[in-house]
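Asker: Let the hints inform the model, and build the full structure from the sequences given.
Residue numbers (this note's numbering): 1 to 521.
Derived by calculation from the structure, the hints in this document are not laboratory data.
Note that the structure is a prediction, hence the values are computed from the model and not measured.
Please note that the accuracy of each hint is not assured.
Said to hold, decoys possible - Capping the alpha-carbon separation at 25 Å, the derived lysine-lysine pairs in PhoX-like fashion look like this:
(1) Lys362 - Lys421
(2) Lys513 - Lys361
(3) Lys452 - Lys513
(4) Lys336 - Lys493
(5) Lys63 - Lys447
(6) Lys400 - Lys447
(7) Lys336 - Lys366
(8) Lys464 - Lys365
(9) Lys493 - Lys459
(10) Lys513 - Lys464
(11) Lys362 - Lys386
(12) Lys421 - Lys447
What the hints assert, rightly or not - Here are the simulated distance ranges between beta carbons:
(13) Lys457 - Glu349: 49 to 55 Å
(14) Ile61 - Glu368: 40 to 46 Å
(15) Lys513 - Gly329: 34 to 40 Å
(16) Asn426 - Phe59: 53 to 59 Å
(17) Lys110 - Leu50: 45 to 51 Å
(18) Leu50 - Lys513: 28 to 34 Å
(19) Gly462 - Asp502: 21 to 27 Å
(20) Lys63 - Lys459: 23 to 29 Å
(21) Asp328 - Val56: 32 to 38 Å
(22) Lys63 - Arg461: 52 to 58 Å
(23) Glu368 - Tyr518: 20 to 26 Å
(24) Thr424 - Thr326: 26 to 32 Å
Note that beta-carbon positions come from the ideal geometry of N, C-alpha and C, so glycine has one too.
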Amino acid sequence: MKNNDINQSDSMKSNATTDTNKKKSELIDGDYKRFFFRHASVLTWILFGLGLISAVLIFLITKDPFKSAAVIFLLIWLVVFLRYFLWAVYHYNVNYGYTIRDWEKIEDAKQRLKNGEVVLQSELEEPKFNPYRSQTFGVPPGTVRGMLAFTLLFGAISILISSMGMEQGLLENPTLRYQFEFFETAFLMMMAFYFGDKSLRFLQSRWKDNTPTSNNTPENNSQDRPSDAAPGAKTTNLAGNLKSQDEQFIQEDAAFAAKEGLEDKTKDLSLLKDTLNTFSASTIASTEKESAKVEEEDLVAEFGEDGQGQRNYPCTPIIDAGHGGTIDGEYTTGNKKRYKFIGTDEEFEVLEGVVNRKIAKKLIKKLEENGIPYYSLNVFEEEDLKLSERVAEANRMYTKDKSVYYLSLHSNAASPSLQGKGTTANGIEIWTSVNETPSDQLARIAKREYQKFFNGKFKFRGLKEKNLYVLKHTRCPAMLVENLFFDNYQEAKYLMSDEGQDELAECLFNVIKSILYYYED
Numbered sequence: 001m002k003n004n005d006i007n008q009s010d011s012m013k014s015n016a017t018t019d020t021n022k023k024k025s026e027l028i029d030g031d032y033k034r035f036f037f038r039h040a041s042v043l044t045w046i047l048f049g050l051g052l053i054s055a056v057l058i059f060l061i062t063k064d065p066f067k068s069a070a071v072i073f074l075l076i077w078l079v080v081f082l083r084y085f086l087w088a089v090y091h092y093n094v095n096y097g098y099t100i101r102d103w104e105k106i107e108d109a110k111q112r113l114k115n116g117e118v119v120l121q122s123e124l125e126e127p128k129f130n131p132y133r134s135q136t137f138g139v140p141p142g143t144v145r146g147m148l149a150f151t152l153l154f155g156a157i158s159i160l161i162s163s164m165g166m167e168q169g170l171l172e173n174p175t176l177r178y179q180f181e182f183f184e185t186a187f188l189m190m191m192a193f194y195f196g197d198k199s200l201r202f203l204q205s206r207w208k209d210n211t212p213t214s215n216n217t218p219e220n221n222s223q224d225r226p227s228d229a230a231p232g233a234k235t236t237n238l239a240g241n242l243k244s245q246d247e248q249f250i251q252e253d254a255a256f257a258a259k260e261g262l263e264d265k266t267k268d269l270s271l272l273k274d275t276l277n278t279f280s281a282s283t284i285a286s287t288e289k290e291s292a293k294v295e296e297e298d299l300v301a302e303f304g305e306d307g308q309g310q311r312n313y314p315c316t317p318i319i320d321a322g323h324g325g326t327i328d329g330e331y332t333t334g335n336k337k338r339y340k341f342i343g344t345d346e347e348f349e350v351l352e353g354v355v356n357r358k359i360a361k362k363l364i365k366k367l368e369e370n371g372i373p374y375y376s377l378n379v380f381e382e383e384d385l386k387l388s389e390r391v392a393e394a395n396r397m398y399t400k401d402k403s404v405y406y407l408s409l410h411s412n413a414a415s416p417s418l419q420g421k422g423t424t425a426n427g428i429e430i431w432t433s434v435n436e437t438p439s440d441q442l443a444r445i446a447k448r449e450y451q452k453f454f455n456g457k458f459k460f461r462g463l464k465e466k467n468l469y470v471l472k473h474t475r476c477p478a479m480l481v482e483n484l485f486f487d488n489y490q491e492a493k494y495l496m497s498d499e500g501q502d503e504l505a506e507c508l509f510n511v512i513k514s515i516l517y518y519y520e521d
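Answerer: Set out below in C-alpha cells:
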C-alpha cells in the first residue's frame, strides 16, 4: 500500500513537471508565433489592401491595365517574401530548424526515458543552437538563394507586364525605371547579406589555429563563431593566434629583405636609369600627340562633331510637316486632308499639308536666325511620306543624336465631307502617346506657351493622349500639334493668311526655345 502511494506520488510529480514544461513551451512558442505570424499577417494584409487600392486608382487614372497588374505582382512579391522570410527566421532561430512535430517527438522520448522505457539515443538528440546562427538573420544560404531567385522572377514579370503598351525602354521611362530600381535594391541587399556571410565565414576559417593539436576535433574546427560556441566547449585564442601570425610575417619579411632586398634595389635603380635614358624627344612628342588626341575627344564629347553639342535630354526638334505638299499643282495627299468652302462670303480651298509646310518653313527661318539647332524631316519636300517612313527617319536621327524630340505640325478637321460652309469646331490641341512619358513634359511646356501667346484669342482644347502611329512608334519623345481647324471658316482664313502663319510660327518658336531653356537650366 505504501509503495503504491509512493509510485502514485512520483507519477503525480512527473505529470506536474510535464504539465509545467508543456505550459512553458506553449507560452514561449505562442508568444513567438504571435509575433512572427499573427502580427506579420496583419501587416501583410494591410499592405496588400493598400496596394490593391493603389492598383485600382492607377487603373482609373491611367486606364492602363498593365500598370495595375504590375503593381499587383509587386504586392504578391512583397507579401510572400515577407511572410516566408519571417517564417524562415522563426523556424531556424526559435525551433533551430526542427518542426513542432520533431520537438514533440523529442519530448515524448524524454518522458518515456523517465518512465523507464527503452529509448534510442537518436530519439533524444536535439539541436542546442541554430546551426545557421552565423548567417544573416540566422537563415541558411539555400533560403537566401531561394529569395534571390524569387525576387528576380517576380521583378522581371512585374517590369515585363508594366512595359506592355509603353513606347519607351527601361531607362527612358520613369515608371519602369523606379520599378526596376525597387527590385534592384531588394536584390542587391540580399546579395550583400549572402556574400557578406560567406566572406565572414571565410575569414573565420582563416582565424582558426591551423596547428594540429589533440583538441583539433571536428567540433573545435567548426566554422561557427567562437562567441556562439556551446558552454564548456574549447575555443581558440584568436588574439594569440593573430599576434603569433603577425610576428611570423615580420620575421619572414626581415629575412627576405636581408637576403634579397639590396639586390632588388640595385635592379630598380638600374631600370630607372635605363628608362630615363630611353625617354627621348620622340617619346615626348608622342606623349604630346596623345594628349592632344585626348583633348580633342573631350571637346567632341562636350560639343559634338559639328560643335553643336550632343545632349541626352530632349532639346533639338525634328520638325515634321504633316501630310504632303503639291507637285506640278497636284496635292500629293489626294482627296484627304483638304476642305473647300462654298456658299460662304469668300470661297477658297485649304490644303492642310501645304499650310503645315508654310508654317514649318517660317518656323525654321526663326530658328536659324536665332542659332537654335533643329532637324527637318520633310519640310522642304512635297511628297507625302508614309507614317512608317516618318517614324523610321525620326528613329534614325535619334540613334545618332539622343537630344532630339519629334514635333509634328498639323491642323484639325471635324467635317466628314470635303466641302461646305464649314464646322463650328475650333481651337488648338496637343497630342502625346498614352501613359506618363517624357513627351508629356514637352506637351505641358507647349500648352503654357500657346496659352500665353494667344491669350484667349483661340480656344485651347487641352492636352490629349492617343497612340497615334507617329507618337507610339517613335523612340524619342514626341508630340503632335493641331493648329486650329482648317474646316472652320474663321480659323481657315487665319491659317491661310501670312499673319496667321507668322503668329503660329512665332508661337512654335517660343515652344522650342522654352523646351531648350527648360532642360539646359
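Asker: Next, verify each hint and record whether it holds.
Answerer: Okay, the hints, checked on the actual structure:
1. Lys362 - Lys421: 29 Å, violated
2. Lys513 - Lys361: Given pair Lys513, Lys361 holds - Cα atoms ~16 Å apart, limit 25 Å.
3. Lys452 - Lys513: 14 Å, holds
4. Lys336 - Lys493: 19 Å, holds
5. Lys63 - Lys447: 23 Å, holds
6. Lys400 - Lys447: Distance of about 29 Å is beyond 25 Å: violated.
7. Lys336 - Lys366: 30 Å, violated
8. Lys464 - Lys365: Violated, at roughly 29 Å.
9. Lys493 - Lys459: Cα-Cα ~16 Å, so holds.
10. Lys513 - Lys464: 22 Å, holds
11. Lys362 - Lys386: Roughly 24 Å separates the two Cα atoms, so the pair holds.
12. Lys421 - Lys447: Violated, at roughly 30 Å.
13. Lys457 - Glu349: 49 to 55 Å: 24 Å, violated
14. Ile61 - Glu368: 40 to 46 Å: 42 Å, holds
15. Lys513 - Gly329: 34 to 40 Å: 36 Å, holds
16. Asn426 - Phe59: 53 to 59 Å: 33 Å Cβ-Cβ, so the 53 to 59 Å window is violated.
17. Lys110 - Leu50: 45 to 51 Å: 47 Å, holds
18. Leu50 - Lys513: 28 to 34 Å: 44 Å, violated
19. Gly462 - Asp502: 21 to 27 Å: 25 Å, holds
20. Lys63 - Lys459: 23 to 29 Å: Holds - the Cβ-Cβ distance for Lys63 and Lys459, about 25 Å, lies within 23 to 29 Å.
21. Asp328 - Val56: 32 to 38 Å: 58 Å, violated
22. Lys63 - Arg461: 52 to 58 Å: 19 Å, violated
23. Glu368 - Tyr518: 20 to 26 Å: 21 Å, holds
24. Thr424 - Thr326: 26 to 32 Å: Cβ of Thr424 to Cβ of Thr326: about 29 Å, so the range 26 to 32 Å holds.
Checked against the numbered hints given earlier, this structure breaks hints 1, 6, 7, 8, 12, 13, 16, 18, 21, 22; the rest are met.
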